[in-house]
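The letter at position 36 of the sequence shown is residue 35 when you use numbering that gives the first Met the number 0, and the numbering goes up by one with no holes.
Worth double-checking, as some hints may not be accurate.
Pairwise CB distance ranges, derived in the manner of DEER restraints [to be verified]:
id: 1; residue 1: Pro94; residue 2: Glu320; range: 41 to 51 Å
id: 2; residue 1: Gly332; residue 2: Asn220; range: 39 to 49 Å
id: 3; residue 1: Arg124; residue 2: Thr23; range: 33 to 43 Å
id: 4; residue 1: Glu233; residue 2: Ala278; range: 39 to 49 Å
If you are wondering where the hints come from, they were derived from the structure by calculation, not from laboratory data.
Here a beta-carbon is modelled for each residue, glycine too, at the ideal position from N, C-alpha and C.
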Amino acid sequence: MGPHPAVAAIRLAVRRVLHDILNTLPTSGERPDRLAERLPSPLGSTLVAPPESPLVLVACSGGADSMALASALAFEAPRLGLRAGGITVDHGLQPGSDLRAEEVALRMRGLGLDPVESVSVDVGRDGGPEAAARNARYAALDAALDHHGAAAVLLGHTRDDQAETVLLGLARGSGIRSLSGMAAVSGAGGRYRRPFLHLDRQTARKACMVQSLPVWDDPHNTDPAYTRSRLRHEGLPALEKALGKGVVEALARTAQLSRDDADALDSWASQAEASVRDAAGLLECAKLYALPPAVRRRILRRAAIEAGAPAGSLFARHIEEVDRLITGWRGQGAINLPGRVVAQRQGGRLVIRQG
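Model the full structure from these sequences, guided by the hints.
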């Protein structure tokens, strides 16, 4: 008899991602998954990949999504000749969070993950509490990945998380890139992988239940002080009540369609950028004006970031103001952007630089 359908679903999702990771590894020598086929499994014990095998980490908070992911990685990785490890991040935002992080680390070790690391971070205030915690968390994950020389870090975001991300982007009035939600593969060199974007949160919770995996429900996830929490417990249920079931699936599908469109527009902008610069590398306003707005604004955003504007602080309203120097020129003055970057029109050229 095979595993429970929920367990089978999460394992299949992880197996597919691990195969993708294997296909991106250097091809010199024997493939790890071929080597794993020859490894003995003494007395039916858990498979263990060779110590020289590539390492894949899982980011685990102890919640149902990440615990389900950790269990699936522990099961699938050695069967493909990969080592599986884990990291949990203590944000220090709740009493006893350090003890809870150590408990999560113990659970991961109990699954057979090795190495396992518990990391404490200092959460700043930039961008609000949710953004600051996220920035601190990803900085810790980056450091752990580099320290251990891991091939990738798996993240437990589900289809429900994707739907929430799309709605948050919509509420901010963001562009199509924001509406595309979270990518299945992101980060430098594709270091972050999200196997569960096509699975719902309930599947992960069910997989934990049938495997008797203890989970921790973060009280922040039900705290109405947090925007995502209000959206999860009030906004989405209201939408489903008004529009019927299937809202989450539709939003996740919208994210994928938006991502395809955004990728195509990014590629177009990248190819068009060289054609709108003069011999000195300055942007020519007349040539920019001739481009479709979606392409032109991508070029302007990229130029602002290259000049030193922080990407996370550069919003659509900033780019719209710069765009008016092209499309609504009335002799207006310079536009101040985040990071002390200034954009101004000079003699038919758009100059974007540090002020």
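Against the structure, the hints:
Checked against the given bound of 41 to 51 Å, the beta carbons of Pro94 and Glu320, roughly 44 Å apart, stay inside it. The beta-carbon spacing between Gly332 and Asn220, approximately 46 Å, falls within the hinted interval of 39 to 49 Å. Against the hinted window of 33 to 43 Å, the Cβ-Cβ separation of Arg124 and Thr23 comes to about 37 Å, which satisfies the hint. For Glu233 paired with Ala278, a C-beta distance near 56 Å fails the hint of 39 to 49 Å.
Violated hint for the displayed structure: number 4, the only one.
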